Amino acid sequence: MGAETGDATKRVLVSESLADSGLAILKGESDIEVHERPGMSPEQLLDCIGDYDALLIRSETQVTDEVIAKANRLKVVGRAGVGIDNVDLKAATRRGIIVMNSPTGNTIAAAEHTMTMMLALSRNIAPANASLLSGEWDRSPFVGVELYRKTLGTLGLGRVGSEVVRRARAFGMNVIADDPYVSQSAAERLGVSLAPFDELLTRSDYITAHVPLTRETRHRFGAAEFARMKPGVRIVNCARGGVFDEDALHDALASGHVAGAALDVYESEPEINTRLVELPTVLATPHLGASTKEAQANISIDIAKQVMNALRGRPVENALNMPSVDAATLEVLGPYISLAEKLGSLQTQIIGDATIEEVGIEYSGGLFEMDVAPITTALQKGMLQPALGDMVNFVNAPLFFEERGIRLTETRTSRHDAFSNLLTVRIGTGFDVRVVAGTVAGGQQRLVMIDDYHCSATPEGPMLLVFNNDAPGMIGRVGTLLGKHQINIADMGVGRVGHEGRAVMMVSCDAPVARAVLDEIATQEGIITVRYAVLPT
1 MGAETGDATK RVLVSESLAD SGLAILKGES DIEVHERPGM SPEQLLDCIG DYDALLIRSE
61 TQVTDEVIAK ANRLKVVGRA GVGIDNVDLK AATRRGIIVM NSPTGNTIAA AEHTMTMMLA
121 LSRNIAPANA SLLSGEWDRS PFVGVELYRK TLGTLGLGRV GSEVVRRARA FGMNVIADDP
181 YVSQSAAERL GVSLAPFDEL LTRSDYITAH VPLTRETRHR FGAAEFARMK PGVRIVNCAR
241 GGVFDEDALH DALASGHVAG AALDVYESEP EINTRLVELP TVLATPHLGA STKEAQANIS
301 IDIAKQVMNA LRGRPVENAL NMPSVDAATL EVLGPYISLA EKLGSLQTQI IGDATIEEVG
361 IEYSGGLFEM DVAPITTALQ KGMLQPALGD MVNFVNAPLF FEERGIRLTE TRTSRHDAFS
421 NLLTVRIGTG FDVRVVAGTV AGGQQRLVMI DDYHCSATPE GPMLLVFNND APGMIGRVGT
481 LLGKHQINIA DMGVGRVGHE GRAVMMVSCD APVARAVLDE IATQEGIITV RYAVLPT
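Per this note's numbering, the very first residue in the sequence shown carries number 1; after that it's consecutive.
For the record, the hints were derived by calculation from the structure and aren't laboratory data.
This list has only true hints and no planted wrong ones.
Below, computed lysine-lysine pairings styled on BS3-like, alpha-carbon distance capped at 27 angstroms:
| no. | residue 1 | residue 2 |
| --- | --- | --- |
| 1 | Lys90 | Lys305 |
| 2 | Lys90 | Lys70 |
| 3 | Lys293 | Lys305 |
| 4 | Lys70 | Lys305 |
| 5 | Lys75 | Lys90 |
| 6 | Lys27 | Lys75 |
| 7 | Lys305 | Lys75 |
| 8 | Lys27 | Lys70 |
Label pairs and their in silico Cβ distance ranges:
| no. | residue 1 | residue 2 | range |
| --- | --- | --- | --- |
| 9 | Ala354 | Lys293 | 39 to 49 angstroms |
| 10 | Gly256 | Gly483 | 42 to 52 angstroms |
| 11 | Glu146 | Asp31 | 49 to 59 angstroms |
These numbers come from a predicted model, not from an experiment.
Glycine is no exception: its CB is placed at the ideal position from the N, C-alpha and C atoms.
Take these sequences, add in the hints, and give me the full structure.
Take a look at the structure:
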């Protein structure tokens, strides 16, 4: 427990080791008291967390609902790094605790490590070193391949992905990429050709992933994907464990179809899949992507400055759970900020693999005479989060939009014929335009339009959008199938287009819906198409 201090003193608990360069910033403030206690047990954290205004963590400290419930003074949790799987974000948000991360400090380190792994894999550096140390001088088993004129396929063109591309092109590689959030013009500036995922699989000599682990990206590369790859392809993963199915990768390596894999991240850490890493064609490192002196210093400095700003009541950067707005504005616009995030997430998840080129948001009603910037930012965050996960937040979402060349327009009208206030979101993919709209009535968020269907549904949690022929028995058919699989319907809205014979069901479920269930619904007579999304709750 910390010593007694005056009310003006802010206490900061550092529960894991951080570089001194960042901690020195906090220690240099006369009204901030820093307590370094790396290696704390969960019980010790519970005992003392009530004494602190800020908590600085890395990946090991578990900030659970129980911890947050005892954090009576806590105002901010600073994650030195990117992922926040170890923080109960929902519990923190409920308590008004800002959760922030530092996503940019390790960009160069991660990109360099990716290239290091790619080169070492290509030239058999690890086995050649082991052979030499064992007393042998035999070059013939270690003949490698060059990167020059090979094709690198990258899933994701964010900060790290873009830096990898720049370095790969310096080695004379051709680069193709799949990223629905990057426009053709932005890709051209990087010297990259955009390609559909299937084309990336079949054309690439090397495949690397630079995406967070989300529902959409988990096991994005499985047995079927490995089978479609070029014989002799090489895999590099320094992003997130779980993007590549480790069991499927093992089998593809064992068969010889995949020539080699360089891995820095794993589905479970530190208890890794030894069956995979013991293969002679695997080069493995223990999650060293951010392990440079420079990256550790950058991350520590970034998070220290952000936490200090939060404690001072200044605008915050990289906040993961709230926009940077004053309390009065947040109270009025809060429900629409949350609604915009959900509408954006819904749009992204139901368009599939199409590339988003332009987004339009229309504000209708007197409420939107206020500053709507937080709502627009929430929309951008919601659209990007299904693919980018914790990397995107209320601060950097506009930057990500700009970097990806997505055009954004805002329009306002003072009234709407049917609603006091209405939020309408249109996205264009180059081939199609999709429209969703929502409002807040009686304190409840409602989805009231999708394309040309008028409806009323709760945009929350696992959600099915079933487009079907407007015929008797369709609702019962879908409900029966969900019931057969023990999936309870929390809310349902239906809509149709006049008497044109088309209708839509919007079904909110109490539990996630498996792919097999979606496929079963899609094959029913009268079903046109099925879309599935998981929205913030």
